[in-house]
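*Asks:* Here is how the chains run, residue by residue.
Number of protein chains: 2
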Amino acid sequence: MSKCGQCIIKRFNALKSLTHDELEKFSDHKTSLFIKKGENLMTEGNPINGLYCIRDGKAKLTKLSTNGKEQIIKFVKGGDILGQRSILSDEPVGLNTTALEDMHVCFIPKQDILDTIKENGQFSLNIMKVISHQLNQANTLISQMAQKPVKERLAETLLNLEEIFGVDNEGCIDVVLTREEIANTIGTATESAIRLLSNLKKEDVIDLINKKIKITDKNALKNMSDGY
Amino acid sequence: MSKCGQCIIKRFNALKSLTHDELEKFSDHKTSLFIKKGENLMTEGNPINGLYCIRDGKAKLTKLSTNGKEQIIKFVKGGDILGQRSILSDEPVGLNTTALEDMHVCFIPKQDILDTIKENGQFSLNIMKVISHQLNQANTLISQMAQKPVKERLAETLLNLEEIFGVDNEGCIDVVLTREEIANTIGTATESAIRLLSNLKKEDVIDLINKKIKITDKNALKNMSDGY
DNA sequence: TCATTGGTATGACAAATATCATTTATTTTT
DNA sequence: AAAAATAAATGATATTTGTCATACCAATGA
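These protein sequence lines are chains A and C, in that order. Mapping the first sequence onto our numbering, position 162 (from 1) lands on 236, and the numbers just tick up by one. Mapping the second sequence onto our numbering, position 12 (from 1) lands on 86, and the numbers just tick up by one.
By construction, these hints were calculated from the structure, which means they are not laboratory data. There may be inaccurate statements among the hints.
One copy or two, either will do: identical chains are not told apart, so a pair holds if it fits within one copy or between any two.
[Said to hold, decoys possible] As a list, the in silico SDA-like pairs of lysine to any residue whose alpha-carbon atoms are at most 25 Å apart:
1) 151 x 92
2) 292 x 139
3) 225 x 266
4) 225 x 240
5) 143 x 297
6) 184 x 290
7) 77 x 292
8) 296 x 142
9) 292 x 224
10) 285 x 302
11) 296 x 196
12) 203 x 122
13) 225 x 178
14) 192 x 174
15) 292 x 142
16) 203 x 118
17) 104 x 233
Produce the entire structure from the sequences given, and follow the hints as far as they go.
*Replies:* Rendered as structure tokens:
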């Protein structure tokens, strides 16, 4: 199995402040796992005993609401780390992590993480920064969900998706989601999401190519997301 | 000014893991401030240079959405600490903190906090726990805002308010909010909030006494918040 | 005391969104 | 390739929620 020291993923996340020795320890203890599209990496309510570092692939983080509907809270991709919140607060996992495509993930045991947090102040601060940033994003999302109508939330979501996943060589947002998943992201009925996407296409703001979405008028979307 | 070592507030929050020397340092550097009802302790977008520890009083944490409406994200009270997210992520303040009644607050300079985080692993972990817990709550709220209809969100909010602020000697939720503030918490129009409160009173689930709300049938509210 | 103000309440109506039904397209299985 | 299953699209309609208008009430100050 490859060494953590050589993994380029670590350059992009909180692991970048680790010393050589700490990386060696992680390397020795880590396990590598492969998750198939549709499978769960973590499940809401379950305990967790380590940190996951995504080497490759995309996933949705979801919550099941009391009425049985799935709410997508967040999307993650290669370079993101998962499980830190649950490890730190010593609470069960809060969100389901479901692979949107086949994933390759590294697992680092909880104790190694906690030891390193105590020893390496900079690593500790980096992890805090990640969580702090996530909290800020979550607060923003609460406000948007509560205040914005569905059309604005859809516009916002499309811009977010392009921001997170980038575009493929045809200019399409580089992730494949079902209409239902888009609806579950913005918190609306699948039919409503479909209708609004159709409207956006008619208004020449987006293009629907195969299973992917291409933003053709980003400014229009930005204005729309702000209610203009 | 009183010493941090004697402050009972510290028993209830992340400050409880501080050593005697650390508390002394905080004591020497801290300043005490009084915020009148309606005034802001922190303002969205502003930089922050320390941690606030609420000794007494209640506040709402809000975000102004692009359409100019206020969204209440969270309520805080004596014993809660504020500003840790912003300090740690080195980002501007994310939420306005507005006093719901006169407040007494202690301010501890940022550098003291950062020094202590590096030196005291347990304090560091406690702060992380606080933020992690907040992130979990925020994620839950996203799901509720996105998936639940207004009536269920109101029921949920009333239960939350009683949980946070407790009840006074008449059994009323011990905080005074305007109808507009309740509406801004659940993300609806003021008139809708008023109407739904009136309905709840007619259904004998709550009682409206002066400016306060008394939950008279908690079970009914719980069921309602779950959509039954 | 009266007048003014801000918060609360309620009705009438409009707009947004969900639900149900049906059709069409796309993918998967046989 | 045909059949079956799943996903997407669209119309019709019901429900929820927001907006506007107006009335009411309670606190406050001249």
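*Asks:* So, for every hint listed, does it hold in this structure?
*Replies:* To see whether the hints hold, each was checked on the structure:
1. For the identical chains of this complex, residue 151 and residue 92 are intra-copy neighbours only, at 21 Å inside a copy versus 38 Å across copies, given an alpha-carbon limit of 25 Å.
2. Taking identical chains as interchangeable, the C-alpha atoms of residue 292 and residue 139 lie at most 25 Å apart only when they sit on different chains, with a minimum of 20 Å there against 32 Å within one chain.
3. For the homomeric pair residue 225 and residue 266, the shortest alpha-carbon distances inside one copy (9 Å) and between copies (21 Å) are both at most 25 Å.
4. With identical chains, the CA atoms of residue 225 and residue 240 are at most 25 Å apart within one copy only, with a shortest distance of 22 Å there and 38 Å across copies.
5. Within a single copy, residue 143 and residue 297 get their C-alpha atoms only as close as 29 Å, which misses the 25 Å cut-off; across copies the closest is 17 Å, which meets it.
6. For the homomeric pair residue 184 and residue 290, neither the shortest alpha-carbon distance inside one copy (44 Å) nor that between copies (45 Å) is at most 25 Å.
7. With identical chains, the CA atoms of residue 77 and residue 292 are never at most 25 Å apart, being 41 Å at best within one copy and 55 Å at best between copies.
8. Within a single copy, residue 296 and residue 142 get their C-alpha atoms only as close as 32 Å, which misses the 25 Å cut-off; across copies the closest is 17 Å, which meets it.
9. In this assembly of identical chains, residue 292 and residue 224 lie within 25 Å of each other by CA distance solely inside one copy; the values are 18 Å within and 32 Å between copies.
10. Taking the closest pair of Cα atoms, residue 285 and residue 302 never come within 25 Å of each other, the shortest separation being 28 Å inside a single copy and 37 Å across copies.
11. Taking the closest pair of Cα atoms, residue 296 and residue 196 never come within 25 Å of each other, the shortest separation being 37 Å inside a single copy and 44 Å across copies.
12. Taking the shortest alpha-carbon separations for residue 203 and residue 122, both the intra-copy value of 21 Å and the inter-copy value of 15 Å come in at or below 25 Å.
13. Taking the shortest Cα distances, residue 225 and residue 178 never come within 25 Å of each other, neither inside one copy (35 Å) nor across copies (43 Å).
14. For the homomeric pair residue 192 and residue 174, neither the shortest alpha-carbon distance inside one copy (34 Å) nor that between copies (38 Å) is at most 25 Å.
15. Taking the shortest Cα distances, residue 292 and residue 142 sit within 25 Å of each other only across copies (23 Å), while inside one copy they are farther apart (34 Å).
16. For a Cα distance limit of 25 Å, the shortest separation of residue 203 from residue 118 qualifies both inside one copy, at 23 Å, and across copies, at 18 Å.
17. For a Cα distance limit of 25 Å, the shortest separation of residue 104 from residue 233 qualifies neither inside one copy, at 35 Å, nor across copies, at 43 Å.
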